[in-house]
Amino acid sequence: MPLFSIFDISSSALTAQSQRMNVAASNLANAESVAATDGETYRAKQVIFQSAARGGEPTAGVHVTEVVESQEPLRLEYNPSHPMADDRGYIRKPNVEPVHEMVNMMSASRSYHANVEVMNTSKQLLLKTLTLGEN
Amino acid sequence: MFDKINATFQFHQEALSLRHERQKVLANNIANADTPGFKARDMDFSKALSTAVSRHRTDQQGAALTRTSAHHLTGNQSSTDIGASLKYRVPTQPSMDGNTVDMDTERTQFADNSVRYQASLVMINSYIKGLKTAMQSE
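Just so you know, the protein sequences line up as chains A and B, in that order.
With the first letter of the first sequence counted as 1, position 134 gets the number 133 in numbering that gives the first Met the number 0; the numbers rise by one all the way through.
With the first letter of the second sequence counted as 1, position 53 gets the number 52 in numbering that gives the first Met the number 0; the numbers rise by one all the way through.
The shape of chain A in the complex, shown without the other chains (with noise of 0.2 Å):
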């Protein structure tokens, strides 16, 4: 139904900001996953997000279109007393850089914030038009 849309576009960013959220926690959560090799260790991931509007609709939304893998080079840690470290003595830990997952993640909270306000505003304004005429 067109007049309740906008709850459509509204919840769309929701959810693609709440996926981008997830992401970060999942990378701050692995920030120190050691792995023996470089196919095993844990990549930093990073949400694409992409405008849903498709051909002539001018509002349509937001969706996340994927979820990439950072290529950085991984950190390498010289710790030869590490059940995990290769036959020259070193680990690998993931790409993760967790200032920059902090950061994805305050700008994740602040846009869910402005959209859950959006939703709020939207929701008092057609309630009251549903009570239109009736005083």
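In case anyone wonders, no lab produced these hints; they're calculated from the structure.
Keep in mind the model is a prediction, meaning the values are calculated, not measured.
We put the beta carbon where it would ideally sit given N, CA and C, even for glycine.
Hints are supplied without guarantee of correctness; some may be wrong.
Claimed, not checked - 25 Å max Cα-Cα, derived DMTMM-like pairs, lysine to aspartate or glutamate:
#, chain 1, residue 1, chain 2, residue 2
1, A, Lys44, B, Asp41
2, B, Lys46, B, Asp96
3, A, Lys127, A, Glu96
4, B, Lys38, B, Glu137
5, B, Lys86, A, Asp7
6, B, Lys38, A, Asp7
7, A, Lys122, B, Asp103
8, B, Lys131, B, Asp41
9, A, Lys122, B, Asp101
10, A, Lys44, A, Glu116
11, B, Lys38, A, Glu96
12, B, Lys128, A, Glu133
13, B, Lys3, A, Glu68
14, A, Lys122, A, Glu31
15, B, Lys86, A, Glu56
16, A, Lys122, B, Asp2
17, B, Lys128, B, Asp103
18, B, Lys131, A, Glu116
19, B, Lys38, A, Glu133
20, A, Lys122, B, Asp111
21, B, Lys38, A, Glu116
22, A, Lys127, B, Asp111
23, A, Lys44, A, Glu71
24, B, Lys46, A, Glu56
Unchecked claim - Examples of chain A residues lying across from chain B (beta carbon under 7 Å, computed):
#, residue
25, Ile5
26, Ala12
27, Lys44
28, Phe48
Following the hints, put chain B in place on chain A, whose structure we already have.
Below, chain B alone, put in the same frame as chain A:
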């Protein structure tokens, strides 16, 4: 007499539906605040409203329903064709990723639009109240 009542309601209806459309456009801007390459849009409201109102005045046909008899209903179309009146915002602080959403502007406009939407509602309500008072016997 009903023509006049209709005309007044018509105006308010157009205003209200345009305000709602604008609300959607602004909500879409806020939703896409982090989308790379997204261009913020807005509506030239007074122009859109005057177009919508004058369209109703000049041709009462609205959406062209095929009429084979003069007694058939015309089926007036409300102003949903807003694509033409949408303009792209001129960015004050362009960003590297091509996104032109300025959160401050969008939120200000959103609040402004909601207040004006409510103003429209209040006016319709008082108009209805006036009509009711006029129709009642003492």
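Hints versus structure:
1. Using a Cα cut-off of 25 Å, the hinted pair Lys44 (chain A) and Asp41 (chain B) is violated, with the two alpha carbons roughly 34 Å apart.
2. Proposed proximity of Lys46 (chain B) and Asp96 (chain B) is contradicted: the alpha carbons are some 31 Å apart, above 25 Å.
3. Straight-line distance between C-alpha atoms of Lys127 (chain A) and Glu96 (chain A) comes to about 47 Å, which puts the hinted pair past the 25 Å bound.
4. With a C-alpha separation of about 58 Å, the suggested pair Lys38 (chain B) and Glu137 (chain B) falls outside the 25 Å cut-off, and the hint is violated.
5. Restraint check: the Cα-Cα separation between Lys86 (chain B) and Asp7 (chain A) comes to about 22 Å, which is no more than 25 Å; the hinted pair holds.
6. Straight-line distance between C-alpha atoms of Lys38 (chain B) and Asp7 (chain A) comes to about 20 Å, which keeps the hinted pair within the 25 Å bound.
7. At most 25 Å may separate the alpha-carbon atoms for a hinted pair to count; Lys122 (chain A) and Asp103 (chain B) meet this at roughly 21 Å.
8. With a C-alpha separation of about 37 Å, the suggested pair Lys131 (chain B) and Asp41 (chain B) falls outside the 25 Å cut-off, and the hint is violated.
9. As the CA atoms of Lys122 (chain A) and Asp101 (chain B) are separated by approximately 23 Å, the hinted pair is consistent with the 25 Å bound.
10. With a C-alpha separation of about 28 Å, the suggested pairing of Lys44 (chain A) with Glu116 (chain A) is violated against the 25 Å cut-off.
11. Taking the CA atoms of Lys38 (chain B) and Glu96 (chain A), the gap is near 30 Å; set against the 25 Å cutoff, the hint is violated.
12. At most 25 Å may separate the alpha-carbon atoms for a hinted pair to count; Lys128 (chain B) and Glu133 (chain A) meet this at roughly 9 Å.
13. Among the hinted pairs, Lys3 (chain B) with Glu68 (chain A) is inconsistent with the structure: their alpha-carbon atoms are about 64 Å apart, more than 25 Å.
14. With a CA separation close to 43 Å, the supplied pair Lys122 (chain A) and Glu31 (chain A) exceeds the 25 Å bound.
15. At most 25 Å may separate the alpha-carbon atoms for a hinted pair to count; Lys86 (chain B) and Glu56 (chain A) meet this at roughly 14 Å.
16. The suggested pairing of Lys122 (chain A) with Asp2 (chain B) is violated, with an alpha-carbon distance near 33 Å, which exceeds 25 Å.
17. With a CA separation close to 38 Å, the supplied pair Lys128 (chain B) and Asp103 (chain B) exceeds the 25 Å bound.
18. Straight-line distance between C-alpha atoms of Lys131 (chain B) and Glu116 (chain A) comes to about 36 Å, which puts the hinted pair past the 25 Å bound.
19. A threshold of 25 Å between alpha carbons decides the hint, and for Lys38 (chain B) with Glu133 (chain A) the separation of about 40 Å lies outside it, so the pair is violated.
20. Between the alpha carbons of Lys122 (chain A) and Asp111 (chain B) the distance comes to roughly 16 Å, so the proposed pair stays at or under 25 Å and holds.
21. Proposed proximity of Lys38 (chain B) and Glu116 (chain A) is supported: the alpha carbons are some 21 Å apart, at most 25 Å.
22. Restraint check for Lys127 (chain A) and Asp111 (chain B): satisfied, since their Cα atoms lie roughly 17 Å apart, inside the 25 Å limit.
23. Between the alpha carbons of Lys44 (chain A) and Glu71 (chain A) the distance comes to roughly 11 Å, so the proposed pair stays at or under 25 Å and holds.
24. With a CA separation close to 20 Å, the supplied pair Lys46 (chain B) and Glu56 (chain A) stays within the 25 Å bound.
25. Checking Ile5 (chain A) against chain B by beta carbon gives a least distance of about 5 Å; that is within 7 Å, so the hint holds.
26. Look at Ala12 (chain A): its Cβ gets to within about 3 Å of chain B, closer than 7 Å, so that hint holds up.
27. Restraint check, Lys44 (chain A) versus chain B: the minimum CB separation of about 16 Å is more than 7 Å; hint violated.
28. At a threshold of 7 Å, the smallest CB-CB gap from Phe48 (chain A) to chain B is about 4 Å, leaving the interface hint in force.
Of the hints listed earlier, those the structure fails to meet are numbers 1, 2, 3, 4, 8, 10, 11, 13, 14, 16, 17, 18, 19 and 27, in rising order.
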